[in-house]
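Kindly produce the complete structure, drawing on both the sequences and the hints.
Taken in sequence, the protein lines are chains A and B. Numbering-wise (the numbering used here), the first sequence opens with residue 1 and increments by one. Numbering-wise (the numbering used here), the second sequence opens with residue 405 and increments by one.
It should be emphasised that the hints constitute simulated quantities derived from the structure, not laboratory data. Every residue, glycine too, gets a C-beta built ideally from N, C-alpha and C. Wrong hints could be hidden among the right ones.
What the hints assert, rightly or not - Across the chosen pairs, the derived CB separations fall in these ranges: (1) B:511 with A:305: 28 to 36 Å; (2) A:306 with B:667: 45 to 53 Å; (3) B:665 with A:194: 18 to 26 Å; (4) A:184 with B:465: 41 to 49 Å.
Claimed, not checked - Covered, in the sense of this in silico footprint (three residues per stretch, anywhere, with C-beta under 8 Å from a C-beta of chain B), are these stretches of chain A: (5) 202–212; (6) 220–230; (7) 245–256; (8) 267–281.
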Amino acid sequence: MPPRAGLTRRTILQTAAAAATAPVVIRPASAAADPIKVGMPLALTGPVGSVGGQLRRACEFWAKQVNAKGGLLGGRPIQLLIEDTGGNPATTVRKAQEMVERDGVRLLTAIAASNEALATVPKLAEWDAIFVSGDNGDGRLTGESLVPNFFRPNVSGPMGTRTVALWLRDSSLKSFYALGMDYAWGHNSIDVFKDEVKKAGRNFIGDVYSPMGTKDFSTYITKIRQSGADAVYLVLSGDDYNAFLSQAKQYRLGDKVTMLTELVDEMVLQATGDASLGLVGGSRYPNTLDNPQNKAFVAAWKAEYGREPYMFEGDQYQSCVVMQAGIEKAGSIEAAKLRAALEGLTVNSIKGPITIRACDHQAEQPGFVVKVEKDETGKPVPKVIATYPAAKVTPPCNKMTYND
Amino acid sequence: MDLLPFLVTQCLNAFSQAALLFFLGVGLTLIFGIMRIVNFAHGTFYMLGAFVGYTTVRITGSFWLALVVAPLVAGSIGAAFELGLLRRLYRRDASAFLMVTFGLTLVLEEVIRLTWGVQALQVEVPDLFAGIVFLFDEPFPVYRLFLAGAGVVVAIAIWQFLERTRLGLLIRATSQNSEMVHALGVDVNMVRSGIFGIGCGLAALGGVLAAPLVTASLGMAANAIIDAFVIVIIGGMGSFLGSLIAAVLVAFVQVFGNYYFPDFALAAMYLLMLLVLVIRPGGLLGKEA
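In structure tokens, the structure reads:
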């Protein structure tokens, strides 16, 4: 079909353009010492391109901060090697391999999509490289697919779902309806949610699935309203999500029904403005956290980019800080030394103290539930309404599921 | 919800969607009727309308001005494209038009991406229509009523334009026998440029009106072009009245189909098209294909 051909051609052009300008190198003028190279083979184009853009910005921000203070390990500056993968796992592995062989990279981060990360981790031992995830959610990475050189300081997918489930049990909501996009992700997420509703002893009324690319949500809004449910769980993304929220606002759906979602991403807030008000969901990193490290981070970020950091930017930044703490503790970037330093390491970063477990390299950290509300300037922002301790949010070692 | 309020609100929903589909379809069908070419870039002009509308609202704060500016911008680009490129291809076969209008979608999409970025952009409903009315105690957005009304107004305006004005007369004459019109001393090429511009402008008008419902985003074009083709095929290629009837039919089938048979939501529109094509291969009001 012609529109597809258009997409492919565009992707090729973008990849070619990216290849021509890559690798992007940040070199402080004062640096004389041998730089610490950090490889970032990540999707800057394609479906996860917008997430990739957030990860890149966070790493660039961190590198600039570190280099401004004179680098690490006695004056070695951070040098980022950034290449676009277009979201293709085979390309990711090839680019990472090039970085390792050609540039001598021993540190990797910010590989955007989970399938790219899953394709990369089996090669880490051969490359003698450490990969510190910044956003990869797939539970298997710290479960059945765990390798010794992989670390996950960020929140995983199962931890995100768990956080929303814990909130459900505490909430006064009694009955639920669900609207999902009609493909694997929509159906899977709603199945998991259904289970959680039952475990919480609440009533699941029904679900409906809209085809990808739905523009008119009026009938779905009617169905949600007719169901009489207190809350509707939304598994929508991209244009469909924006269209639903815009129209739900026009029908005043939020007056009667609480809108729940897995992750509240600032991209949606930006696109739908006031229509996102009242939305409740998990957040990997809400930029409104009240602690000194986060306040300093947000202030510095605003000075650099003129706005607050987004969710994936915050989580990736935390991963960079964890990597930095590991390097400083190990006094080296050699995989064996860095691995030993990272295992069991506690870092006090923007989400407060978090600990990298030695058993499966997952960071134990709190889970946040946010609600979109207006800030003092009238702009919609995610405000934290519930925080769950790390012990409840983090799954048992090497597991993707919870005992209760 | 009782049956009566349900029927009333769903019918109004359907008419508001019909209006959007009509804006999309009528431009394409007018262009086809006159020029015998399939304008693949039609969805892109619809998208362009939404983005230009966003910027106009941003700068001037007026949604009404956006309803004028966006069709003018898109119409001018369309007319210029016809003058500069399409005109040279009239001796070629249909595939040349498909290629060059498809090329235009690639260029325009890239221009839009570079100008407005990849983020979806929100266009607020104008204050006058931001409220709700209660129909049998069911809240209903005023903006949707406005959309349905706008559809009726534009349909009547186009009809009167085609029936009552000299240009409308020329357009109808050209679509029936362009050689004869040419022989009578009319600059048929100007009629063609004009109609291409008007068609693109109508698509852009639809884009501005749809933006408060779906946000202005890069995914709009691919989505819209399929709907536009379906409307044109059901209504009959080149038939103004056909596109109006088709838009209403498709909207009703979608709204009620989604409600009663949500599992077939995607198929409803195509099933309708299939049915029409089996009964009347040329479309409802089209000449036999």
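Here is how each hint holds up against the structure:
1. B:511 with A:305: 28 to 36 Å: Roughly 31 Å apart at Cβ, these two residues keep to the hinted range, so it holds.
2. A:306 with B:667: 45 to 53 Å: 46 Å, holds
3. B:665 with A:194: 18 to 26 Å: Taking Cβ atoms as reference, residue 665 of chain B and residue 194 of chain A lie about 22 Å apart, which means the hint holds.
4. A:184 with B:465: 41 to 49 Å: 43 Å, holds
5. 202–212: holds (count 4)
6. 220–230: With 5 residues closer than 8 Å to chain B, the stretch 220–230 of chain A meets the three-residue bar; holds.
7. 245–256: This one holds; 5 residues, not fewer than the three required, reach chain B with a Cβ under 8 Å.
8. 267–281: holds (count 6)
Figure legend: structure checked against the earlier numbered hints; every hint is met.
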